[in-house]
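Residue numbers (the working numbering), protein chains in the order written: chain G, 1 to 287; chain L, 1001 to 1279.
Honestly, I wouldn't trust all of these hints.
[Said to hold, decoys possible] To give an idea of the chain L side of the interface with chain G (calculated C-beta under 8 Å), a few residues:
| hint | residue |
| --- | --- |
| 1 | GLN1100 |
| 2 | THR1121 |
| 3 | ARG1162 |
[Unchecked claim] The following label-pair restraints were derived from C-beta to C-beta distances:
| hint | chain 1 | residue 1 | chain 2 | residue 2 | range |
| --- | --- | --- | --- | --- | --- |
| 4 | L | ALA1199 | G | VAL277 | 29 to 37 Å |
| 5 | G | PRO178 | L | GLY1087 | 18 to 26 Å |
| 6 | L | VAL1031 | G | ALA109 | 50 to 58 Å |
| 7 | G | PHE220 | L | VAL1031 | 48 to 56 Å |
| 8 | L | THR1156 | G | ALA149 | 47 to 55 Å |
Calculated from the structure, these hints are not laboratory results.
The beta carbon of each residue, even a glycine, is placed where N, CA and C say it ideally should be.
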Amino acid sequence: MGAVLLANAITAVFKYDFLQRALVAAVLVGITAPAVGIFLVQRRLALIGDGLGHVAVTGVALGLVVHRTPVLIAVIVAVLGAVAIEIVRAASDTTGEIALAVLFYGGIAGGVVLVSKAPSGSRNLTQYLFGSITTTSNGDLVVFAVLAAVVLGVVLLLGPVLFAVSNDEEFARALGIPVIGINILLATLTALTVVVSMRVVGVLLVSALMVVPVATAQLFAGSFRSTCLYAVAVAVVSAVVGIVVSYAVDLPSGGTIVLVTIGFFVLALVASSLLRVMRAGAAHGGK
Amino acid sequence: MSDTGRKSQEHPDHSGHAHSRAHACQPLGDVVIAVEGGRFGYGGHSSASVARLEIRSGEVIALLGANGSGKTTLMKGFLGLVDRIEGKVELFGEPVERLQDRSAIGYLPQRQSAAGPIPVTVNELVRSGRLTRRNPLGLGRDDGAVQAAIAVVGLTASARKRVSTLSGGQQRRALLARALVGGSQLLLLDEPFAGVDQANQEAIADALDGLLHNGLTLVVVLHELGPLEPLITRVIVMDHGTIRFDGPIEQAPPELLHMGHDHDPHGGPEPTQGIGLVG
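Take the sequences, apply the hints, and build the full model.
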């Protein structure tokens, strides 16, 4: 039964354009989300993706109200939110958590209020909140691909600087690195990643792909670099498997991808715990 | 910017010198740090003030004082890491706020945990000390310097290990290697012995002793002189945010050299965050 569903899903991939677009989008998300998320986790700001996802809701709602491309408006609003949060964090004593909370509430509230004025109502908003692979257009895919290329290019180019600032902000300042600028850049990359992910997992679930694959990878990785590579691999596989499963069993794509990602994390957690116990046993037996 | 007092020190060697103050016989060089009318603090509140202070190339200075006396604030003031409420600070003859190239400066923060949520190897941690504003991308050429700095602190065998698996003392040594790897001519260390056992303290002192013969200027915040005592040429004692004594270690009143043991009735104990472990 399961094998038949899977075979049908794989056949459908070759048959339907929308599934091919969904898979391309899933791979883009799988690569970009953990590549940015690893720096957020190291900065202990893992939930900033959630905050910016909420801000993107306002952007999407605004797009629905003014009949413009919600994706592009979400990019603008999320980037503005990213810059705002870092400026607030740098310029005042407001802690990161409070600034994030303001983003959470303000973003959702703005989205709810704005969408009430949209001609199509809140119906269209749901696909952006939780992802909707079937509605991914070629135009969306081009925007996502460009954004993903920008995000990955910056991460590859400035990875050492992003690492230095994420790992030890004070030391980075002592080195003369413009820490505020780098933090704004990282928040902007996060905002762009949120938008890249909005059709696949949705803005409310994107943070899971930024954080959970990194958490899975660090269970086995021995370095920052290998954690990043493993996390990308986990996220790409999770996203692709999630898309295929969601089509095969007719489930929502965003939730399915996130559940698959969490499933891999739980498996990795169990495996790493078993490995630790076995190594401890071997060491004990060797004495 | 001025290159006053700088020398290339790309590949420092660990020569295992016995601790000595022999370098003190060398003539002092140019002014490396100059503070005039400096008041430093947080949120507009002054925690350390200095009427005038000059530190010259080749000096080895212990910054002493009780908890909350302003030692760390002053050191951060040198680097522009805290608010400068008044006055001016120059590093290598350049106003600190305009100093673009900081490759000649090595810094060991006080409360830095070397281990974050993501695994980081000693190599990766130390390599991050090679970044400068002028050359943030050219890390491929740094392998030799990274390995040399790790060798100086005696962690070659642990270079590929996760920092989080090292003892507290070893983590502190890894952070010292990160401070050294830029080829620093000015090294600012904030409590390098915090939570570090005697063996690791000796290892750190050994590493620094070897570097001093290359003309390094060293400023160290300390609670007690410990194994660094034979290296120290000058002592600055902070008390309630001002300098109480500044002069050669031989002239320092013994009671001031041990102020770090005293309980500070005003400042209270400094937060102990970070590695804080015995190595």
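Right, here's what the structure says about each hint:
| no. | hint | result |
| --- | --- | --- |
| 1 | GLN1100 | 7 Å, holds |
| 2 | THR1121 | 5 Å, holds |
| 3 | ARG1162 | 6 Å, holds |
| 4 | ALA1199/L to VAL277/G: 29 to 37 Å | 32 Å, holds |
| 5 | PRO178/G to GLY1087/L: 18 to 26 Å | 24 Å, holds |
| 6 | VAL1031/L to ALA109/G: 50 to 58 Å | 57 Å, holds |
| 7 | PHE220/G to VAL1031/L: 48 to 56 Å | 51 Å, holds |
| 8 | THR1156/L to ALA149/G: 47 to 55 Å | 40 Å, violated |
In this structure, the one hint that does not hold is number 8.
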